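Participant: Below are the chains, spelled out letter by letter.
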Amino acid sequence: MDDAIVIGGSAAGTAAAIYLARRKMKFRLVAMEWGGEVAVSGEIGNYPGFTKIDGVALARNFLEHVKFYGIEPELGVRVAKIQKLGEGHFSVEAEKSGKTVVYEAKSVIVATGSHPKELNVPGEKEFRGKGVTYCTVCDGPLFKDKVVVTIGGGDSGSESGIMMNEIAKKVYVLTKNPDMKGDPSLISRLKAGRNVTFIPNAITTRVIGDKLVTGVEYEDAITKEKKNLSVEGVFVHIGMSPNANFMPLDIEKNKQGEIVVDQNCMTSEPGLFAAGDVTGVSFKQIGIAVGQGIIAALAAVTYVNKLAP
Amino acid sequence: MVKIYTTSACHYCVMAKDFMRDKGVDFVEIDVMKDEKARDELIEKSGQLGVPVIDVNGKIVVGFQREKLEELLEITA
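Protein chains in written order, with the working numbering: chain W, 218 to 526; chain A, 8 to 84.
One thing to keep in mind: the hints can contain errors.
Said to hold, decoys possible - Listed below are the simulated DMTMM-like cross-link pairs for lysine to aspartate or glutamate, each with C-alpha atoms no more than 25 angstroms apart in a straight line:
hint : chain 1 : residue 1 : chain 2 : residue 2
1    : A       : K30       : W       : E250
2    : W       : K470      : W       : D362
3    : W       : K386      : A       : D25
4    : W       : K342      : A       : E48
5    : W       : K243      : W       : D219
6    : W       : K334      : W       : E434
7    : W       : K398      : W       : E335
8    : W       : K386      : A       : E51
9    : A       : K75       : A       : D62
10   : W       : K501      : W       : E335
11   : W       : K393      : W       : E449
12   : W       : K363      : A       : E43
13   : W       : K269      : A       : D25
14   : W       : K387      : A       : E74
15   : A       : K52       : A       : E36
16   : W       : K342      : A       : E74
17   : A       : K10       : A       : D38
18   : W       : K361      : A       : E48
19   : A       : K44       : W       : D362
20   : W       : K363      : A       : E51
21   : W       : K386      : A       : D47
22   : W       : K298      : A       : E74
23   : W       : K387      : W       : E341
24   : W       : K428      : A       : E48
Unchecked claim - So the derived list for chain W, only partly shown, Cβ under 8 angstroms to chain A, looks like this:
hint : residue
25   : V257
26   : G272
27   : G293
28   : A297
29   : K301
30   : K347
Just so you know, the hints here were simulated from the structure itself, not pulled from any lab data.
Every value quoted in this text rests on a predicted model; they were computed, and no experiment measured them.
Where is the CB? At the ideal position from N, CA and C, for every residue including glycine.
Same shape as in the complex, but just chain A (with noise of 0.2 angstroms):
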């Protein structure tokens, strides 16, 4: 299961979406702007403040980084 923990504008939470998508991975998207809760599990989860955060099957990358998001769900580049 991924979730990606976003924010509306943030740029790289739509590349890592895109990325998602592209590469036929389902997601959960959580907007921590209009969950406070959420924000707080953000913080918890990552230990710090910003977005994306995406949680791959409870492995926390933060910030879209492509190479570590493929190893992690096994795809080939």
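Only chain W is shown next, with the shape it has when bound in the complex (with noise of 0.2 angstroms):
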């Protein structure tokens, strides 16, 4: 049986692979697709060491690192269900090329991070990939020349208004609150761009289109007032969720579905770690699921070392 299975293609799951090969502990790295959140973050200007790297090269340069090691990820994998079958016994059961597959392993490491949330408003569904986008990078230069909204009042709506100053005709920047919140350096330059119009205190509650997407409908928060923006692009980048629900249903997690970790990143089940972005770790930024991936790799190897023979 495998020491540890680790599962996520990213940060966190790069990080945790590389310290269990240099511990020479036997173990697979499993993941959907490789890159996660990473590779679609576009500029990447706070990961210590690089003054500025794009988010798929930084991805790119995970995988070599892992490569470099002799792990070769195993993708396409999709975990459904992770179950304790003993002290240092797992069973993680997987969908690949779409037939079951049941790893087994002494330690679990969680990578999986999360997805960008849903605004859960009629039309969302209906358009998604027809206009609504939850990936500004991957998709906004789809829209050059054209009126845009992008949903959304954290660092990621920043990023997404000012990416898309520079290449739509127009784009307004929606959030629910009174302002922008997050880092003051990105909502100055959002604030900034000349093809930006800034909407405080609007809920947004309808995609309208008909092929594609024509427009949006937004409550005035104050005023209770129903106000139409006609677009073609909408931008929704109004938080992230947890991808956790594969975890054993008995698992501690907080009120978001994120695992809940100690400060060496063991869930409340002995043996099953968590690292990243899926667990409750206050900041979700590339360097926090480097360290807690490094932290889980090395407290497994604990784990694992300490298993009766």
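Got two chains here, each in a separate frame; can you build the complex from them with the hints?
Facilitator: Below you can see the structure in the form of structure tokens.
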């Protein structure tokens, strides 16, 4: 049986894998695809050691680093269930190429990150991919010289607005709050954008369209008035939800569904570790995910070494 | 003939291109940001506005769908 299985192919998974490899642990690394949210981050300026790096390039560096240690990530693996069969014995059931596969390992490190939250308004699902997108970096260029809206009042919203200011004819930036939140330097850059129109206290109520998106409706949170914007692109950046629905049901999670971990990145189940954006760590950053991946790996090594022979 | 409709910073587009190169499949890349007609073609072929869109001899795959591409290209995993 493997000493460990690492689930997740981005910052936390990479860090965990490198440390497990250097400790000569027998393990596998599985993921749906490589890169996660890092790869769609666009320009990254806060990862130590790189004054500026593109997310795709950083994800590529991560892959090269794991391959340097002879680890070949298994991709196209969608984990469905994790079960603890005994101390130092876990089973991980997954789907790969349409078949069910079961991996067994003495410990598990979950580094599956998160996915974008949906607005849950009429028209959103219908127009997903038809003007509604959750990745400005990926799809922004498709809206060159068009009028678009970014919905979201945090750093991702600011970054989306900043990017679309350069590409779109006009970008509205909507937030339900009185002002944008997060990194002040991003907020300044956003508001200085000549093609940016900032609309605070705006609660999106509907996405409208025909074959493709033609607009959004929102409610002014103060006056309760309903207003319409004619747009062809809707970039939704309202936060992230953890990819943790395959965890054992009795594992401790917080109100947001994120996995609760201790200072050794251990979950409420001994031998089951979690690292990165899937956990309840207060700040979701690449550097933090890397740090937690390392902690999880070293703690997993300690756990495995203490198991009865 | 394989055509991949892409934009410059799209990670899944990079994955689709890497996949094709790995499997030794020749492809033509069409950057829809540079070409308005290509954007219209993308919408017409796929009925949606997202990249990558991969045209495998007329069969359209929206997004990087590894299994579907393996099937269409008759590649065993």
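Participant: Between the alpha carbons of W/K387 and W/E341, is the straight-line distance 25 angstroms or under?
Facilitator: Holds. W/K387 to W/E341 sits at ~21 angstroms (cutoff 25 angstroms).
Participant: So, as I understand it, the hint says W/G272 touches chain A; can you test that by seeing if any CB pair is closer than 8 angstroms?
Facilitator: 7 angstroms, holds
Participant: Taken at face value, is the distance from the CA of W/E449 to the CA of W/K393 at most 25 angstroms?
Facilitator: 21 angstroms, holds
Participant: Assess, step by step, whether the Cα of W/K387 is no farther than 25 angstroms from the Cα of A/E74, and give holds or violated.
Facilitator: Not OK: W/K387 and A/E74 at ~38 angstroms, beyond 25 angstroms, violated.
Participant: When you check the alpha-carbon spacing of W/K363 and A/E51, does it fall within 25 angstroms?
Facilitator: The hint holds at about 18 angstroms.
Participant: Is the straight-line distance between the alpha-carbon of W/K361 and that of A/E48 25 angstroms or less?
Facilitator: Cα-Cα ~16 angstroms, so holds.
Participant: Verify the proposed pairing of A/K44 with W/D362, using a straight-line Cα cut of 25 angstroms.
Facilitator: Given pair A/K44, W/D362 holds - Cα atoms ~14 angstroms apart, limit 25 angstroms.
Participant: Below or equal to 25 angstroms on CA atoms is what counts here, so check W/K342 against A/E74.
Facilitator: 24 angstroms, holds
Participant: Restraint: W/K347 near chain A, CB-CB cut 8 angstroms. Satisfied or not?
Facilitator: 5 angstroms, holds
Participant: Interface hint check: W/V257, Cβ to nearest Cβ on chain A, cutoff 8 angstroms. Holds or violated?
Facilitator: This interface hint holds because 5 angstroms falls under the 8 angstroms limit.
Participant: Taking only the CA atoms, is the gap from W/K470 to W/D362 under or equal to 25 angstroms?
Facilitator: 44 angstroms, violated
Participant: Assess, step by step, whether the Cα of A/K52 is no farther than 25 angstroms from the Cα of A/E36, and give holds or violated.
Facilitator: OK: A/K52 and A/E36 at ~15 angstroms, within 25 angstroms.
In summary, the structure is inconsistent with hints 2, 3, 14, 28 and 29 from the numbered list given earlier, while agreeing with the others.
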